[in-house]
Amino acid sequence: MLAKVGLNSIEELFTSIPEDIRLRAPLNVPHALSELEMLARFEEIAGRNTAARRPSFLGAGAYAHYSPTVVDHLISRSEFFTAYTPYQPEISQGTLQAIFEFQTLCCQLTGMEVANASMYDGSTALAEAVMMSERITRRSRVVVSPAVHPEYLEVVQTYVQHAGIELVRAEFNEGTGQTDLTDDAILNDAAALVVQSPNFFGSIENLNRMADRAHQAGALFIVCVTESISFGLLRSPGACDADIVVAEGQSFGVPVSFGGPFVGLFATREKYARQMPGRLVGTAFDKEGRRGFVLTLATREQHIRREKATSNICTNQGLVALAATVYLTTMGRRGIEEVATQCAQKAAYAARRISALDGFSLPYSAPRFNEFVVCGPQAADGLLRRLAEERNITGGLALSRYFPDKPNDFLVCCTEMNTRAEIDNLVNGLSSLI
Amino acid sequence: MANVPEKLHYSKDHEWVRVEGETGTVGITDHAQHALGDVVYVELPKVGDKFEAHEAFGSVESVKAVSELFSPVSGVVTEVNESLQDEPEKVNTDPYGEAWMIRIRVGSAGEVDGLLSSAEYEDYLKAETE
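Residue numbers (this note's numbering), protein chains in the order written: chain A, 1154 to 1587; chain B, 1388 to 1517.
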């Protein structure tokens, strides 16, 4: 092969890499294993991961829900399981129809009029929503709730830092655990108000009231949802007068694993469709009058509008959006409502039992969905570590990771996956460790 | 041959402006609408926005392409033709009449000096197509 390309040694292939940073020694990799040996080796390594098998009360943006087996079965079919989402209508009616149905489901869940083919994840969807509000209002000041997921706010900051958009944080009500808009002037000249509900601390926000405040100031109202199962029980953001709704769709049939995959939902009002980022599938009719599916409003996108495009996204999160579509279609309206009800009831039970323990309290009074903050009698990170080591329970997230001023607080999440016995073990574990 | 009414001023970007007192009414030419094809969307600025001459003030989207709209004169937008939101096809049917796009309070009387007359614009089109 070297002779074919006119070289004498492998080394010559790397002459463009400076000498001093080239690896001189052979790579330190183990010797080859047979398939049998390799499987045994990997099973041994995987067996060390006890955390993955512990009962878990972790939420905070990623949620462990049950995924019916049909989800993996259908998304693994070769017709769907491609490396890249093909968009040509001539060859991709199945894929395009699945995306169209995903968009329809997003609209039904969020109560909005138009939804796109999906974004990378909830946080990037939120960043896109912020930039969209700037395009629509031509204002550059965006007010964000401090109870939006801290990592979402970091992503938004990364997106807007060179776009001339200033993020302003609203106040936080330490009594209710909700966003505080008592500062009358804060929304003056704002492009948008961004609120997450249920918020990072588990509190359900008063969306109607905040929508009114935003609209009185001429700002758009952007609602962000990290736990999409909550759509099954709470009034939709659309019904609360939101202008843009973004959500993380991982809860819909996608297991929690290191760093993803995630999928962003993005929905808005029809009048703003031309300012929306991302791909959009619509229906059309062929020359024989049969219904078909095609990409539409593509003039928003960068292959046509270049640097004036609404976004640099040229794709969607195809496979994960498909998983969400299969999940939602399988569960149906009643199924999602049932899952949401179980989550809320289990969280309510856990909250009641934990707050009855000596030394533990619930600092926030607002209504909750399936997450809540607990204030313990000692540093939460140490307490949770001992709970994991001594009781084999992942008890939640210590808030000190994001909020150093809340050392004793931790966030507990319940889903339909947590049995009553697990919740009782959590309560007993907490009470025995202090 | 494209329709090029007299008494309008034309830019090489294929916009026209009709100046009456301090107000300039701006649209795209018959030649431009023909080249674009069926117009499906017109994006316009807001009243109060300020533009320099040759600055983009919006865009027009046809089934073929998206093109920017360049203001032939500088000034402040005093009125926007909202009816184009619902009936963008007027750009094809009546580019010099119903499909006017914005009215601008023109910066100074000399603004139109650098623009083309109808005869000059016709020559310009001829040269462009040759």
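Honestly, I wouldn't trust all of these hints.
[Said to hold, decoys possible] Calculated pairs, DSS-like style, for lysine-lysine (alpha carbon to alpha carbon, straight line, at most 30 Å):
# : chain 1 : residue 1 : chain 2 : residue 2
1 : A       : 1440      : B       : 1433
2 : B       : 1451      : B       : 1477
3 : A       : 1461      : B       : 1394
4 : B       : 1394      : A       : 1424
[Stated by the list, open to error] With beta-carbon atoms standing in for the labels, derived distance ranges:
# : chain 1 : residue 1 : chain 2 : residue 2 : range
5 : B       : 1442      : A       : 1226      : 53 to 59 Å
6 : A       : 1299      : B       : 1394      : 55 to 61 Å
7 : B       : 1473      : A       : 1299      : 55 to 61 Å
[Stated by the list, open to error] Coverage of chain B stretches by chain A, computed from C-beta distances (three or more under 8 Å per stretch; other residues unrestricted):
# : stretch
8 : 1461–1469
9 : 1498–1504
Hint data in this document are derived by calculation from the structure and do not stem from the laboratory.
Ideal Cβ placement from N, Cα and C applies to all residues, glycine included.
Right, here's what the structure says about each hint:
no. : hint                         : verdict
1   : A:1440 to B:1433             : violated (40 Å)
2   : B:1451 to B:1477             : holds (17 Å)
3   : A:1461 to B:1394             : violated (34 Å)
4   : B:1394 to A:1424             : violated (37 Å)
5   : B:1442 to A:1226: 53 to 59 Å : holds (56 Å)
6   : A:1299 to B:1394: 55 to 61 Å : holds (60 Å)
7   : B:1473 to A:1299: 55 to 61 Å : violated (41 Å)
8   : 1461–1469                    : violated (count 0)
9   : 1498–1504                    : violated (count 0)
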